[in-house]
Amino acid sequence: MRITLESLTKRFGTVVGVDDITLAVEDGEFVAFLGPSGCGKTTTLLMIAGIYKPTAGTIRFSERVVNQVPPKDRNIGMVFQSYALYPHMTVFGNMSYPLKLKKVSKEEQMLRVQEVADKMGIGDLLDRRPGQLSGGQQQRVALGRALVKQPDVLLFDEPLSNLDARLRLSMRGEIKHLQKELGITAIYVTHDQVEAMTMADRIAVMNRGRLEAFDTPDDLYDRPKTLFIAGFVGNPPMNFLEVEVRQEGDAFYAVNEALRVQVPPQRGEPAARHGRRVILGIRPEDITLSDAGEVKGEVFLVEPLGRDDLLDVHLDAANRLNVLADPAARIRAGDGIALALDMRRVQFFDPQTGQSLLWR
Amino acid sequence: MAASARASRIGLPPNVEELEYRRAATGELVSQAVFSALVVLLFFQVGVILFKVLEPLIRAAPGLLGSDLEIEETLTRAIASALTLLAPFVAYGTCGAKMRGLATFDRRRALRVALLAGALVYGIATMGQWVFQVGPFAEKPSLEMSFEQTADGVLITGIVEGGTADEAGLKVGDLIIAIGRAPTDLAGLKERIALSAFESKIGLRIVRDGEEELVPVEVVPVVEVGLAPLIGGLALALFIAGVAVVWPGGLTPYVLMVVIMVPLLIGYLWLVVASFSYRTEGLLPVGAAGEFGGFTLRNWEFLTREGTSSDPSIWRITLNTLVVASLMMVLVLLVSSMAGYALSRMNFPGRRSFLSLTLILHGFPAVTLLIAIFFVLRNIGKVPVVGDYFGFNTRGGIALVMVAFELPLGVWLMKGFFDNIPWDMERSALIDGASRWRTFWQILLPQIRPGILALGIFAFISGWGAYLIPQTYSIGTKTATLAVFISQRTNETAPMNWNELAAIGLFQMIPVFIIFVFAQEYLLNIYAGGTKGGT
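Sequence lines, in order, name chains F and X.
For the first sequence, the working numbering gives the first residue as -1, with consecutive numbering after it.
For the second sequence, the working numbering gives the first residue as 376, with consecutive numbering after it.
If you are wondering where the hints come from, they were derived from the structure by calculation, not from laboratory data.
None of these values were measured; they are calculated from a predicted model.
Even glycine gets a Cβ: it sits at the ideal position worked out from N, Cα and C.
Some clues are possibly wrong.
Stretches of chain F that chain X covers, calculated by requiring three or more beta carbons in the stretch to come under 8 Å of a beta carbon on chain X [as the list claims (entries may be wrong)]:
| id | stretch |
| --- | --- |
| 1 | 44 to 53 |
| 2 | 84 to 90 |
| 3 | 93 to 104 |
Can you make the complete structure from the sequences, with help from the hints?
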């Protein structure tokens, strides 16, 4: 089912929770709402679920406006961060509760619960209570309860954040797989960008109640439209330097007190056209250690990440770069190093508006 | 020993404290203990001196604060002497307590040191008492003669030469038969001497050679120290020091608790004993002649007594109480849970002020409203049908008033329990297809079951034991509850059978007792604030 949000706004008294959001989730699509905590992503989800009533704007399921439709008539399934299992009911009781309320016959309840439970791998736990289950099992029960009523839309509110890292990884794959297999439209709220990047077909990045971008993961990563997205997506985060881009003959150079590097024309030209100082963004993985490198700096801090070392390199007092280095290079704090920047992947932003100068 | 051996076996150094103890000579340890004990003694003495200096101020304090209460001199003096007398015992205890560290690995040596130090401190304290003439060395009133009980009277067996008895002309062999005109025995005589002021005179009526004679003898202050109290004191000192070494520290709170609880327990014990006996002397049931015994079930006969219109049977009263308590429980639960839910989950104008108002009402003394409520109840009584069940002098009316007073607590309590249930639980139920009403009954209420049980029991018990409201809004015995019934019995002009009253009291306690035994876990929940929604 296609879900359309038009100028959706939610205010709590004077506080604006969600501010004028417009987007469309296609039928069968997996969309992630990504943003820092308090950005309004859960509020948006709860409006789609019908728990909150929008202050302004409309929510459409297919063509039908559902603003005033109570949650029970929307045919949605939702998985909460806390799982929200009913502690006084067994697993079967939990999973059959939506069916019971739909007045499905006892036999069919048994049949459908058993089928979903088997699919989730919790078929032998039906007579337990939630308190007797592990976190991962509770998570599966919550997911099963959402699926058993065969919803048109699946909503997830940070469902994996209470699981340990390994379990989170495997559940990520399972949820994604289930969603594709059943073809149910899904909206997934998370603050974890890795989750959003790996699972979602498209990501809606939200900040302070506003929709910053609504794009595929690759576009968000390679062609960030705003400074916020560039800084928010990617780990370790993108480096930002204030530079001036000058044209000298056919060549473009990004220049500031600490560096002077050549920029390919297709990226340098729009930046140079801007005229004033711009913000140069470059990801740590696009910087390599090279003796021939034209940028010199001193290593201030070395953070071992396992596969890589994350270096905090000071070019001068104001300009710093995070760089990924091979631990085999055995770089220590205080070493002087030379860096080569892959300028084909550099980003430029307007410092005033935060808009990208390359992508619109 | 074992600990250090274990430590050296696994290559750990023995702990520093232990090493210090092992290195120290016994004399050093003893002097340490004695020193701390002396510090304690000194501390007490400074306290006493300070107390004496401040005594006028302390006695004047209530006056300065505007009260006409007076603190009597005897009280302050008693406190000062209690402090003085207590000091040595605390010091002996300190000797032992100081050696507890040593006792953890070498108990025998710790005991040795503590006993030695205790003996030394006893010596020092006794010397101090001798110098200041206090404790066993205090001056006591005496007649300076010895006597013993015989069949005829008190026989004088010895006279101190040149003493007051000697001066008065008493001789060995005289038989004391009375003080003044009052006949006396040995115990009476001793008591009289002990209570006499110095330099007062006691007129002894004696028989000498078959002739009666009245001899006035002056009471003089004498310091008499027998060996027995000194040795007894030493033994006590050593005992205290020794016990302080081996005393299990974990027991202290329990001992204190038992000591504090004893008066309460004695009260309940009396209640039980009294209800099964004709009469009691102290805690002992006694028969008609004052001998031990006299058990009877007579006091429980009220259970089988037939009721009349003016004097209803106990079962009618019990039914009244049960109706009031149950009605109260049901109403309190119903209103509290719904109001608590609304206050916890819904946002409506006046929510905050309503909450604070309820809190104020919770602290509102019920007595001040008695008359106003009386008029309210009387007016409810005029309403057809409803008035028959909830008006003045009806069980419903009584319950209604008590429910009102119980609600602030209940509402706050229920709100607290609801606050602990995550919002997601409710949202989940709504999305699963439940209405708000169904969510409340099927999802939320089961989760605060411990709170419901606790509040229910609480309301029931407070209804069961209530006195003020039922007493005020019921006339006669038609609607009386058990508490009112008991009170009416004590107000009767006829002689009161206290033992029967004890039995009725015990009878009233039975359900409460049963409830507490089975439900104390839930009741604890209420006082702990219901930290868990339970499963």
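Hints, verified against the model:
1. 44 to 53: holds (count 4)
2. 84 to 90: Holds: 3 residues of the stretch 84 to 90 of chain F have a Cβ under 8 Å from chain X.
3. 93 to 104: holds (count 4)
The structure agrees with every numbered hint stated previously.
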